[in-house]
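There are 2 protein chains.
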Amino acid sequence: MASFCKNDSKPVINGDILLGQIKRLSEEGLDGSGGRTRLAASKDEKKGRDLVVGWMKELGLDVRVDKIGNIFGILPGVSGNLDNALMMGSHIDTVINAGPYDGCYGVLSGLAVLRAFKEAGVIPPRPLAVGAFTDEEGVRFQPDMLGSLVYVGGMPLDEGLASADGDGVTLGQALEEIGYAGSEEPGFLIPSEYLELHIEQGPRLDAEGLRIGAVEGVQGISWWRVTIGGKANHAGTTPTDMRHDAGLAAARVITSMREYAKDSDTTLATTGEIAFEPGLVNVIPSKAVFTVDLRDPDGEKLALAEKALADCLNRVAEEEGVTVASEHLANFAPVKFHPELIQKVEDAAARRNIPSMRMVSGAGHDAQMMARVCKTAMIFVPSIGGISHNPTEHTEKEDLILGAELLLDVVLDLLNG
Amino acid sequence: MASFCKNDSKPVINGDILLGQIKRLSEEGLDGSGGRTRLAASKDEKKGRDLVVGWMKELGLDVRVDKIGNIFGILPGVSGNLDNALMMGSHIDTVINAGPYDGCYGVLSGLAVLRAFKEAGVIPPRPLAVGAFTDEEGVRFQPDMLGSLVYVGGMPLDEGLASADGDGVTLGQALEEIGYAGSEEPGFLIPSEYLELHIEQGPRLDAEGLRIGAVEGVQGISWWRVTIGGKANHAGTTPTDMRHDAGLAAARVITSMREYAKDSDTTLATTGEIAFEPGLVNVIPSKAVFTVDLRDPDGEKLALAEKALADCLNRVAEEEGVTVASEHLANFAPVKFHPELIQKVEDAAARRNIPSMRMVSGAGHDAQMMARVCKTAMIFVPSIGGISHNPTEHTEKEDLILGAELLLDVVLDLLNG
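Protein chains in written order, with the working numbering: chain Y, 27 to 443; chain U, 27 to 443.
Okay, chain Y solo, but in the shape it has when bound (with noise of 0.2 Å):
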């Protein structure tokens, strides 16, 4: 029991209503498929955004909202020196296409932990935060985690509201129009420690058969656009060699960096975007432009992985005569997060019997950015079969309650220490 708490109010995770919200926020944006698809500001993401701000309100926090859209809860403390605040949080965009939990889990288990402290008329020993920022996903504007990676002071505010999205819209147009460019600076309310619970969106919980992870920290991202420039002929009169392919070549770099990510332990890349031009069944593509994701938990390899990208692109252009160039569209690098923090989610995990791992995140979280600011820390929960940005998104309703009752456990610790 927290020594600021009486005997008898001890702060709960109210379970029901946190996976009512949960369900009743994956319902906005419903896109047919069986998912949901939130883009950061977009129209469906602001009808996200008030349902959070009303549960918020309900809740009698302080709402605040600031220039680059991130969304905060405050619930005031005893000393009212934001400074002092412990938040958590996590963001509420989707991609295309989204499983519910991604994200809003996050925001959502905050919201529960300051409802169980109202709910037991516990007011806490200094301010507790809830945050929801802005366009982690990156799907509409580009880089992902754009709300944190601006709130922490890495990229200018006037940058990433310049960011456009596929039609030139800014984000900063997108905000003026949902209502959600707010007021305040980012970075108004620099915390003493960021907690961020998330499902692991990776199969090794799951596969492991573990149900808290204890993230250490995350892996490192490269992000790249390729663009090809071949020679558009026909397809029927042109014969093999003496081709200049883009499609081929681009063919070529996607297979050539799997069979180097097989070859890693650590390494992985992913293409998930291509497009040919003319893009026509009998002509030979002129020009192939498509992305590259490289991860590794660690900086040297991350490189490393960039370094052979950029091999196979010289050794494919001139195979098959080809141009290339390449674009970097994101690079995080490995971030770790604070001994402390982590520690303090593995004695939670113990205290509950609760078996759990150290881990590092595959994905990129606006913890990582919150980690440049302040004592940082996040706690995963299984995905069931590593699956994630799919409506098939699932963990069990027994976890993603664990999870929140573990993020309360460890922010009474942080209260009491």
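It should be emphasised that the hints constitute simulated quantities derived from the structure, not laboratory data. There's no promise every hint is true.
Any copy will do: because identical chains look the same in the list, a pair fits if it lies in one copy or spans two.
Calculated pairs, BS3-like style, for lysine-lysine (alpha carbon to alpha carbon, straight line, at most 25 Å) [what the hints assert, rightly or not]:
1) LYS144 <-> LYS423
2) LYS73 <-> LYS93
3) LYS83 <-> LYS36
4) LYS423 <-> LYS257
5) LYS83 <-> LYS333
These numbers come from a predicted model, not from an experiment.
Assemble the complex: chain Y is given as a structure, and chain U must be docked to it using the hints.
Just chain U now, kept in the frame of chain Y:
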């Protein structure tokens, strides 16, 4: 001198008018990329059709349009029997971002031959006709060579008219809209011979320093649309060996089919179109859709290439844990032209001391459809660098004129025969 011509009235190609009409037609549908786009039965193609019909009427030809939109200009002969006509032709629709010659050259050269008779005041012993067939390229409506296919009875008229573009507009609707849904029954004029003059669209004549190709036939074409089904998942959290990556599987098929083509003397394999779903940088593709264009002059070898594709798909499906499905978009067996007509082309070149060669067409042509119903041959002129289906497609002016002169030579030879 043809025996039916008076000594002072030999028909002669007017090269200036021919080149001028090619240039004028190439200006319809300019797409701002250096090329032109006149997809079948589009508004831009209508402008091309109007030009050609106008030029036919200027020559006093009997202009007929059939129910699939094919246009014919007929010059009556001494004998009025259409069954005994000699037809020339090609098409005026283009691929996206096309060069100036493909198709148009054959139609306008046929017109130049008829003009030569008119200007010389020579009435041919039997009718001469020039045809412009609908949707040869097959970009907007599948299959390609649709107009000539329907014309020779290879596809029912209703089925051809029901072929729909990507927006669901049928060819029948499109022809109504542009005013080219004619009244003639397709096949109303089955000639005794069909001659098609065309740029080679391949590099052989240019590479070998020859000016005329006597085309012996057309290689077989087999078009496939392949759909690979994988599992969407997070690019950062899914271990390489747990992926079911539809995009990687597609890349493997593309590179495998290129290896197959490399190992073959004659088979060509091309992937010109591809798309991944959901199409996001950080999501493993759940779906990849791409085309495969297979060609071989030999029917048995083409069947082997189809089997190689099927085997490759099955192998990749098993190794990557993905599903595969393939749809046969078009299938044309290799075609052999008429030995007598091929010989007449070769003889005509020899009489002018023009270096020529016999060759197989790499591309599909309306002539291969007409070969089902009458004696048929084609004449090729060089494509510089073998480039076609590209704004930089080029044939020297003297070769364009020479080709038309040779076409006239063969016509005169046949009329005398």
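Hints versus structure:
Only within a single protomer do LYS144 and LYS423 lie at most 25 Å apart by alpha-carbon distance; the minimum there is 23 Å, versus 86 Å between protomers. With identical chains, the CA atoms of LYS73 and LYS93 are at most 25 Å apart within one copy only, with a shortest distance of 19 Å there and 53 Å across copies. Taking the shortest alpha-carbon separations for LYS83 and LYS36, only the intra-copy value of 22 Å comes in at or below 25 Å, while the best inter-copy value is 95 Å. Taking the shortest Cα distances, LYS423 and LYS257 sit within 25 Å of each other only across copies (24 Å), while inside one copy they are farther apart (54 Å).
For a Cα distance limit of 25 Å, the shortest separation of LYS83 from LYS333 qualifies neither inside one copy, at 50 Å, nor across copies, at 65 Å.
Against the hints set out earlier in the document, a violation occurs for number 5 only.
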